[in-house]
Structure formats: C-alpha cells, structure tokens
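**Q** Read off the chains here:
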Amino acid sequence: MGKISFSRKSLGIPYTLFLVLFVVAPLLVLIYYAFTNGQGQFTFANLVGFFTNPNTLGTLFYSVAVAATTTAVCLLLAYPTAYILAKSKLKAKSVIVMTFIMPMWINFSLRITALKEILTLIEGNLAYYPFLNAVIGMTYDFLPFMILPIYNTIVKLDESLLEAARDLGANETEAFLKVTLPLSVPGIVSGIAMVFLPAMTNYVVLDMLYNSTYIMGSLIGGYFAAYNWNGGSMIALILLAIICLFTLLTRGAEEENSRGGALL
Amino acid sequence: MKKVWKGIVILFVLLFLYLPILLLAVYSFTDATQIGAIRGFSLHNYVTLFTTPELRDMIVGTILLAFSSAVIATILGTAGAIGSFYSGKRMSSAISTMNQVPVVNADVVTGFSICILLVVVFGISKDSFVPLIVGHVTLCAPFVFLSVIPKLKQMDSSIYEAALDLGATPAVALRKIVLPQIMPGVISGFALAVTLSLDDYFVATYTKPATFDTISTYVVNATKGSQTTIKTALWALSTVIFLVVILVVVLMNLKAKTETSERAEV
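Note that the protein sequences, when read in sequence, are chains A and B. Using my numbering, read the first sequence as starting at 5 and increasing by one per residue. Using my numbering, read the second sequence as starting at -15 and increasing by one per residue.
I should point out that these hints are in silico values taken from the structure, not numbers from a laboratory. No false leads were slipped in.
No more than 27 Å apart at the CA atoms, straight line, and that leaves these computed lysine-lysine pairs for DSSO-like:
no.	chain 1	residue 1	chain 2	residue 2
1	A	95	B	-13
2	A	160	A	97
3	A	93	B	241
4	B	73	B	160
5	B	135	A	97
6	B	-14	A	93
7	A	182	A	160
8	B	-14	A	91
9	B	135	B	239
10	A	95	B	-14
Here's a subset of chain B near chain A, in silico, CB distances under 8 Å, partners left out:
no.	residue
11	7
12	88
13	105
14	154
15	226
Distance ranges between label pairs, derived from CB positions:
no.	chain 1	residue 1	chain 2	residue 2	range
16	A	135	B	134	38 to 44 Å
17	A	97	B	45	34 to 40 Å
18	A	177	B	40	54 to 60 Å
19	B	164	A	62	53 to 59 Å
20	B	80	A	173	42 to 48 Å
21	A	62	B	239	50 to 56 Å
In this text, a Cβ means the ideal position worked out from N, Cα and C, and glycines have one as well.
Put together the whole structure using the sequences plus the hints.
**A** The structure is reproduced here in structure tokens:
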C-alpha cells in the first residue's frame, strides 16, 4: 500500500516544483527588488517614495475611484439582468444566458477597439471625458464577470424558501429583501472580486481609449518601460497587499472558483 | 408593466455588450476607415487580413502559443491535482494555496514578477520564448488544477481499489480508472487554458520577444499607430473571431442537447 500511494502522490511533484519556482520565487524576488535600490542596497525609499509622492498617491486614489465606480455600475446592471434571467421560465434559458457570457470569449483588445470606435462617434474627442470613458471601458470589459456568478447563486436558490416567506406573510418586496438578496451575497462578492481588482490594474483599456490618466497598473507599465525594476516591484507589492486584504475580507463568502467558472 | 421593464433591462444590457461588436462587423465589410461614414460594400479588409504576412504570423503565433501552453498547463495541472488529491492534508493545502496565487493575482503582477525572475535575475533571453511559455503556463495551469480537483472529489474511490484487487498495477489503474473519470474536468481545464492564453495581454507584454506579437499585444500597439489599413483589417479579425465564437457556442449547445436526449432515451 505504501508503494501505491507513493506513486500517486509523486505525480504532484512536477507541479509543486513548478509552483515553487514560478509562483513563490517570483514573489520573493519582487519583495527583494521592492526593498532595494538599483545598486542592490537595502532601502525603504521605494515604499516611502510611493506614499509621499502626490502623483503616485493620486494614482492610487484615482484607480480606487475608477474601480469602485466600475464595480458599482457593473453591479447595478448585472444584478437585475442576472435576476431576470434566473427567474425567467423561458425554455431556451441556457442559450440566453450564454449570450451574456459570450463576449468574454472575444479577445478583449478587439472588443475595446470596437468600443473606442463607437465612443469616438458619440463623443467626438475621447480625451474630454477620461473618467467616464475609463468606467465605460472597464464596465464593457468586465460586466459578464459580474453577471455570471450572481446568476449562478440566484438560479440555485431554493424556491421553497421564497414560498415559505410568502406563506408567512411577506410581500414580494419583503421576500426579495429578506430572502433572495441576502442569499445572493456570495455571487455578488465573487462578482465584485472579479471586477474591482482588474479595474484597478487593466491599464490597457485606458491606453486604448486615448486616456492619459493613470491607474495602478499604468505605474507598473511605466516602470517596466523605464527598466526600473525596483520601482515596479514596489507597485506590484502594494497591489499584492491590496489583493491579500481583499481576499481576507471576502474569504468564505465567495462562490468557488469564480473566475474559472465564469469563463466556462 | 413589470414585464416591459424586464425587457428594457435585458435589451439595454445586450445592446451595450453587442452594439460595438456588431457595428464594427458591419463596417468591416465597407471601405470606411471610421464608423459613421457611409461607404460601399467591400471585402478588402478580409483580403488584407488573410494576405498580409505580418497579420497572418501574429494570428498563427497566438494560436500556437495558446495551444502549446494549454497542453503543458493541462499535463502539469492534471498531474498536480491527482498528486495533491492523494497527498497528506498539509501537502495538499500547501499546493492549493500556491495554486491560488496566480488565480487571485492581477495579471500585471504575475507577468511583471515572472519577467523579473527569469529575465532580470536569471538572464534568460525573451527571444528564447521560455519566459513567455512559462508565463502562460503559470497563468493557465492553476485553472486546470481547479477544474480537475472537483472531479477527483466526486470520483468513487472503490473502483480504483477494485482494479488493484483484480491485478491492475497502480499505473494501469490510474490510466484506465482515474483518468476517464476526471476527463470532463481535464477537458474543460484545457479549454479554459486556451481561452486564458488567447485573451492575455499583460503576461505576454512583459515576457514576449520583441519581434513576436499575440493578437492582444498587436491590437493594442496598432490602435496607438495611425495605419488605417491595419486598423480596419483588425475590424475584420474581430468579426471573424466573433463568428468563430458563435459557431463554438452553437456546436456546444447542440452537443449538450444530443447528450441529454441520449441520456433521456436510456
């Protein structure tokens, strides 16, 4: 028996090595670079520099504003959509749901190209509305990622709970507020996690919409273009800290494997 | 009244998601260089798309990259999932935790950190494609792992033991008993890996050779340039991809339907 379990376990060795080498090691290297300068000397200058420079701090607040607005807009659009889809009694429901998910399979850069053309037609000069365009672009890119997890939780809801609520005298609104909404929180949390972080970092959406404003991701792009590994590592580390905080806050409340689930 | 509102919400969201792509599709069949201008029917964008070597190389390169990294990711991730599933509690939770990092991490950070490790620290040339492939496998393998694990959990372990009792070696039992049962997870993991690689921009930008482009990196650079023939040829590309996606979705639905009806007959 010992030999058998050894052979099955050993299948995991290559992947474990892979993860240590290409997931853990890069993070360690990131930490090293974030706390050293170009000559390899230990320093807090990158960290202090980030939090004392009005430009980088401004970028942090700006990207939180873009991400928070995008998340709110996505939620406002996605919740009713997911709710209507989940409650509909149509026969071809799966096909209709698929229609809302399909855009995710089209390359995002091509979709943003399409969006850019139509926004140019409406607005004339894209540069006049940087914040609005950033939110529209991010919403356009990430909306399906919000619809799917919410749809999945609502569709799995036990109808009998709603019936019980009605039997006990709740009207439609009360039943929604006290049963459906609280029980769809896991889907909402997954959706938020899948929209908020990318909206803080996906700076290409802004670049493609001729947007000269910066979000956190743009800073990494800028340092990368300038071969400043130390500065870039510090930004990456700050983003990682935000991600960790986010993961800790939403721990347990999330739908499992939401990003993968949303893509397939 | 309520029904009307529902219709309006659905229609608005659909319009928001599809209007840009559909408009681009319509204009890809004209001479227009800008949306809104009315021009005659033309296929020249499609001719450019399929005859310009630069565009062809970029499309073929993207597909090759997606499939090769998906194959590696699927082998690594599946083996990793099986290994982790049969390992002790501590080992398997360590593997899942590491596996979770690229899943929750921003792609910018994943790409940047791999670039630093491989290119800056180890001095591996980006022209070797090693950083790019490693980057894409890191991006995809965790999702393969995550789609295989649930299948392992659902598996009936007594069949594997029965196979051993009947004289199968562990390797044979793994191939003939375990693998077929987790196959749906492996396949969806592979499909997911292909999709992720095709859609990736950030990992590719930070790790790719300067002369190589994926669809994403190419399109992003092209929108910054002013070459209109390339720009409108990309409209054609967007339309082609849109049609391919519709085709895949229709085929998947048909397959799902025949499978359920077959099951219903049994």
